[in-house]
Amino acid sequence: MSITLRLAWRNLWRQPRRTWLTAGAMVFSNVLLIFLIALQLGTYQAMIDNTLGAFSGHLQVQRSGYKENQRIRQVVPRIRDVAEELRSGLGLNSVAARGEAFALASSASRTYGIRIIGVEPEFEPRASRIPSLVNAGRFLDDPVAPEIVVGEILALNLKAQVGDELTILGSARDGSFAAAVVNIVGVFDSGLDELDRSLAQMPLEFFQETFAMNGAGHAVVINAPGLFEVESVAEKANSLLPRGQNLVVHDWNDLQPGLRQAIQADLIGSWFMYGILVILVMFSVLNTQLMSVLERTKEFGIVLSLGLSSGRLGRLVLLETVLIGLIGLALGVALGGIATSWFETHGFTYPGMEEMAQQFNVPDRFYPDLNAISLFAGPVVVFAGSVLAAIYPMARLHWLRPVQAMRSA
Amino acid sequence: MIATSGIVFRLAWRNLWRNYRRTAIILAAIAAGIWAMIFMIAFTRGMIESMVSDGIRSIPGHVQIHHPDFRNDPTVDNLMSRPGGELAASLDGKDVAAWSSRVRVPAVISSERGSRGVTLVGIDPVAETSISFVADDVVEGRHLEDDRDRGLVLGRRLLERLESDVGKRVVVMTQGADNDIVDRGFRVVGVYESEIASTEEAFAFAGRATLQELLGIGDRVSEIAVLGTDRREAEQLYLRLADTAGADVEVLPWYELNSYLGATMRTMDGFVIVWIVVIFLALSFGFVNTLVMAVFERVREIGLMMALGMKPRTIVAQIVAESILLLAIGLAAGNVLAWATIYSLSDGIDFSFVGEGLEIMGAASVLKPSLGIGDVLLSTAIVLGLGFLASLSPAIRASRYQPVEALTKE
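So the sequences go chain by chain: A and B.
So in numbering that gives the first Met the number 0, spot 194 of the first sequence is number 193, and the numbers just go up one at a time.
So in numbering that gives the first Met the number 0, spot 90 of the second sequence is number 89, and the numbers just go up one at a time.
Calculated from the structure, these hints are not laboratory results.
Please note: incorrect hints may appear among the correct ones.
Stated by the list, open to error - Ranges of calculated distance between the beta carbons of each label pair, as one might list FRET restraints:
| no. | chain 1 | residue 1 | chain 2 | residue 2 | range |
| --- | --- | --- | --- | --- | --- |
| 1 | A | Gly310 | B | Arg13 | 49 to 59 Å |
| 2 | B | Gly245 | A | Gly174 | 46 to 56 Å |
| 3 | A | His345 | B | Arg112 | 46 to 56 Å |
| 4 | A | Ala383 | B | Ala96 | 48 to 58 Å |
| 5 | A | Ala107 | B | Ser345 | 54 to 64 Å |
| 6 | A | Tyr349 | B | Ile6 | 25 to 35 Å |
| 7 | A | Gly346 | B | Asp268 | 22 to 32 Å |
Computed from a predicted structure; not experimentally measured.
From the three backbone atoms N, C-alpha and C, an ideal C-beta is built for every residue, glycine too.
Just need the whole structure built from these sequences, with the hints factored in.
And the structure:
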C-alpha cells in the first residue's frame, strides 16, 4: 500500500462521524437511485410489452398513408403472399396479415360500432397476444368460416356470449354495402379497455369476402425477437417488400407515438429528481472536504515547507474523496441491490396504483428490473459527482503558502 | 427567559458566520434542495391541476347522474326521466354553477369516404356552455344553437378521418329504442378542437331534442352533468344530490367517474410529502455534518461557557437555534428562487415534443407550474420539524461535555 493511500485512509478516520455522514449521504442517494431506476426500467418494459404485444406488434407493413387516415381502400394487395414472403425472407414465424374495417355489430338486443380485424388464424397467435387471451370459447381456427371473437367489454355491451350470432353492417372497399352474419366463437380479455371495448377479429379470408377486399388487406404485423432487434428486422423487411406498391414499414414508435413519448415525459421528471439528488450529495462532499482541508491548514503548511509538493497533497485529498466515494458506492450498491431484489420478487404497489396501472397498460404491481444498468448507473454518477466536488478543496491547496499556513490557528 | 433567548439567538447568529465558507456551502445546498422541492411540487401540482380541469371538462361536470346500469351498458335501454320535483329543486341550489341533461349513445358516422364509431352526445347547447369543452372550442362553422338544432358538431380529427367538411352531410347510424337500427343524415355545421386529440375523434355533438326524436325515446335522457361552484366542494355537492336524487338513479362524483383522475389527485398529496422528506433526508447528512463540525471545533469554548455557569439546556438551545436559523435562511432563499423560477415560467413550459405521451397521462402539452401556499407551508413545517429533530443529537452531545475535560481538550 502506497504511503499516500495509507495516509488518506487514516485521515478519513480522524473524524469517523464526518466520514460516515458523508458516505451516508451517498448511500442514501444510491439506494434511492438504484430502486427508482430499476422500477422505471421494469415499468417501461411492461408498458412496451403490454401495449405492443397485445395487438399492434413491433412493426407493421402498410400502404403509405393508411396509418394517418385508415381508409379501407388504402390496401396492401395480395396481402397473404406478402406476409408469406416476409415470413420466409425474415426467417420469422411471428408475421401475420390483417385487414381492418369499422362496422356496426348487432346482437339480438344491442348494436355497437366496432373495429373488425381480419386475421390469419394460423399466424395471428404468433404475432399478438389476443388469441392467447381468449377466456371463453376458443380462438378462430378456420380461415374461411363466418366466425368472430370479440372483446370482453364488447360482449358484455352486446349482451352476447359464445354461440350467439352477430350481424355485421359496414361499407366495403368498393363503397358497396358489406353485410355478414357471424357466430361468436370466443371472447378475449386483453386487459386493455380500449381493445376489449371495441375490437373483434374474424378470419382474414372471410373478412376479404365480406368487405370485397379482392385478396388485399391493410397491415402485415411483424414481431421482432426483441426490442433491440426491431431496427434490423425493419430494414430487412423493407428490402423484401414488393416494389411500386407504395408500401412502408412502420416501427412501434410510428404506430404508438404516445408510448415512447410517455416514457420520455416520465424521464424528464425523473432526470430532474435524480440530478437534484446528485447535486445535494456533491454539496455534502464539498462541505466535508473543504472543512477537512481548512482544519489541516497548519499541518499542510508544515509538510509543504518540508518539501512535499502541493500536487501530492492534492492527490492525497483526491484519494480521500475517492475512498469515501468507494465506501458510498459499495454500501449503496449492496444495500440498494438487496432492497431492490426483494421488491423484484415481491413486487411493489401503493394506494391508487390500480387506477394508474390501467391508464398505462401495466400490471397493478410494479416489479423493478435489477440489472447492470439499474444497479450501477446511479451510484457511478454519484461517485463521479463526489470526486468532481473535491476539485475546489484540492485547488485551494495550490494557493497555500507554507509560512502563512503554518502560522494559522 | 426572554433575555436569555435573545442572547441565544444572537450567539447562534454570530456563530453561523464564524466559518462563513462552511455556512455558505450548506446554505447553498439547503437553498438548492428547497428550490427543487418547491419547484417540483409546483410543477406537478400545475400538471395535475390541468389534468383535472381538462378531465372535468370532458367527463363533464363535478357530479353526474345516470340510470344505475348506464355506465356498464351505455345504450338507449338505460335512460331516466329529466329531473323533476326534489332533484330539480336541489339542482337549483347555490352550490350548482350549471347543469345539463344529455343523451349519449354509441353511433357510427359515415361520410361517402369512410365511417367511424363515435359517442354521439345530444346536448342542450345553452345549458352546456359552461360545462363541457365544446362551446368554447368550435373553431370553424358554428356551434349548435339550441337543443332542436338539426346540425352536427364534429372534432377536427374525426372530420379529417371522414374526409368531410363543414356544410357536408354525413349519415349517423345507431340503435334506437327497441333495438331498431335508426339512421339519419346530418349536416356538419361546426368543428371543434380539443387539447386532448383523442377526444376529437371520440365525441360528436347534436341537439338533444333532435337526437331524442331520432332515437324515439321521448323526453328521457342518459345523463345529467352538474358543475358545482368549486371543485374542492364536489364531495358535499355529490352527497347532497345523492340524498335528493332518489334510489332509482346513480349519482357519482368526478373522482369516481374518472377513477384514474381521482387516484392521481389522491396520490399527489402522498407524492408531495414523500418528495419533501426525500429531499430533506438527502440534505440532512450534510446538515448534521455541519452541526457536528461546528460543535466539535468549539468544544473548549462550550466548556468555558459551562464553567462560567451556562446551563446545559442553554447550550442545547443555542445549537438548536443555530440549526433552525440555518434552515430558515435556506428555506427563505430556496422559496424566493423557486418563486422566481415559477414566475418566469408563468406562460407554461412547452412539452409538445412529448405531447402524445402526456396525452396518455391525460395532460396537456403546455404545463404551467402552480404554487400553492399550502404546499409552501407544509414543506416549511416538515423541514423545520425534521431539522429540529436532526439537530438534537449534536446539541445534546455538546451539552454533556464535562467543563474541565472540554477545557483541557486540544
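Determine which of the earlier numbered hints do not hold for this structure and return their numbers in increasing order.
Hints 1, 6 contradicted; others consistent.
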